[in-house]
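Chains as they are written, first to last, in the working numbering: chain A, 1285 to 1421; chain B, 1285 to 1421; chain C, 1285 to 1421; chain D, 1285 to 1421.
By construction, these hints were calculated from the structure, which means they are not laboratory data. Honestly, I wouldn't trust all of these hints.
Heads up, the list lumps identical chains together, so a pair's fine if it works in one copy or across two of them.
With a Cα cut of at most 30 Å, we get these calculated DSBU-like pairs of lysine-lysine [said to hold, decoys possible]: (1) 1368 to 1411; (2) 1312 to 1394; (3) 1312 to 1411; (4) 1411 to 1350; (5) 1411 to 1394; (6) 1350 to 1394.
Owing to the predicted nature of the structure, the values given are computational and were not obtained by experimental measurement.
Protein chains: 4
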Amino acid sequence: MNEFIFPLRIYIEDTDYTGIVYHSNYLKFFERARSEWMLGLGLDLAWQREQEIYFVIRSATLEFLKPARMSDQLQVVSRVSCLKRVSVTFEQYLRLSQAPDTVLCTAEVKIACLDNTSRPTSLPQCKLHDIFMGEPA
Amino acid sequence: MNEFIFPLRIYIEDTDYTGIVYHSNYLKFFERARSEWMLGLGLDLAWQREQEIYFVIRSATLEFLKPARMSDQLQVVSRVSCLKRVSVTFEQYLRLSQAPDTVLCTAEVKIACLDNTSRPTSLPQCKLHDIFMGEPA
Amino acid sequence: MNEFIFPLRIYIEDTDYTGIVYHSNYLKFFERARSEWMLGLGLDLAWQREQEIYFVIRSATLEFLKPARMSDQLQVVSRVSCLKRVSVTFEQYLRLSQAPDTVLCTAEVKIACLDNTSRPTSLPQCKLHDIFMGEPA
Amino acid sequence: MNEFIFPLRIYIEDTDYTGIVYHSNYLKFFERARSEWMLGLGLDLAWQREQEIYFVIRSATLEFLKPARMSDQLQVVSRVSCLKRVSVTFEQYLRLSQAPDTVLCTAEVKIACLDNTSRPTSLPQCKLHDIFMGEPA
């Protein structure tokens, strides 16, 4: 299984008056992790422009299990759970760095690949395929 | 069916470099609508403290259908779709004010009612019950 | 003096774990007010594109006097304090709707007018001039 | 001069429809850097509670010089520029990691030390004093 692990710290900006992380911010954390993963694979904006494609988020499902708190050191764990011709689905979760069995939040995020006219188009052959197939990242 | 309609404008802060609204911000819009609805029903922080309860979000499912854009005037439409002893589920969607048939994003958000020790507790009898039962708001 | 008054509500997203509004969010509130004012004057994106100009924020100075809190109903009061050939400065403050003498935060925001090559260019004759000169908005 | 250097990446969440970083987000970046610095010095929440103090931001002045963009790798450079009995002022700037002479944004942020009754109180003797005096961090 190819996984990508992305570390992050909780700052004041992430919290709300109830003392814990505001729920919509988890979506940001998951996206930072996907962005960093794709940057590392060379699937950056320059590559997207060259391929004349771009990505849009189609759906997201979040389960909030335990709250993240101020100054927590966390990890987002991501994997590609489904790779179709015109979409890719990520399974991601957030855990405490110092207690990796403590999962705080899980997400399933489906992303579509569009061409320059905003129509679904084939995801180009790229390192995501290798990752999905279990080849070394 | 009791629905609550909440108007909002898209500002620069809501957009991202792709020119459309950043996906996590839709969760903020849905929460503003729920907060405003509950304030209007008297279910505010003072009431929650009096009842010795508070609310946490358990899960959220979002479908992103069409993008919202800079300066758009929108409406969040909300209803209570499920009212259990210790949780309430909202079905919400975002539409263009001037084209109410154009739905941009849908959400299902499940919220649990906790007591002061963070254990699930019964949602007190309140106006949400009337709304769910279809009584006039 | 031509002033523009913009109402806003504080939601959970605006607060942080200290129980009050997170400081960077005041900049968002001030910008919402400027955006809404300019939209009302017809100085929207279409107008900017027609004029082949766009605006960038050059500097901002904020004084945080009293905290805004969850569910507060507030007003942003804005005026043009300085109108130069290639820049405009706004003086803005945030007050409680129900206690207009209670100022929570003040800002001075300087905005430059750029052409399509990102060089400073003259702000076109527009309703901002009338507002600055004290003509009715 | 004791400086603290904090690295950060720009993600989609930080940008706006004009293609660059939204202005209020720079205040978040500066605060992340201050928070990380203070955590490293042991001036965390536990320390603040033990000292019966907390910090509030009194003022912030920002100059926006050049825009940060999607995927930029940046550094926040911070130093204590003024240390008074009941307040501390930070001078901070944001630069490109790979072109350290390219300063994107500067900030001066004044922070007050309050006691549990929200009155200004003396900042306890702590490592900030050593840093301000130029002692090794």
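Go through the copies and call it for residue 1368 and residue 1411: within, between, both or neither, with a Cα cutoff of 30 Å.
Classified as within; 14 Å inside a copy, 45 Å across copies.
If the cut is 30 Å between Cα atoms, do residue 1411 and residue 1394 qualify within a copy, between copies, both or neither?
within (18 Å within a copy, 36 Å between copies)
Alpha-carbon proximity context of residue 1350 and residue 1394, limit 30 Å
both (23 Å within a copy, 15 Å between copies)
Within, between, both or neither: how does the pair residue 1312, residue 1394 come out at a Cα-Cα threshold of 30 Å?
Result: close both inside a copy and across copies, 15 Å intra and 20 Å inter.
State whether the alpha carbon distance between residue 1411 and residue 1350 is at most 30 Å within one copy, between copies, both, or neither.
between (33 Å within a copy, 29 Å between copies)
From the Cα coordinates, with 30 Å as the cut-off, is the pair residue 1312 and residue 1411 best called within, between, both, or neither?
Intra 23 Å, inter 33 Å, cutoff 30 Å: intra-copy only.
Consistency note: the structure conflicts with none of the earlier hints.
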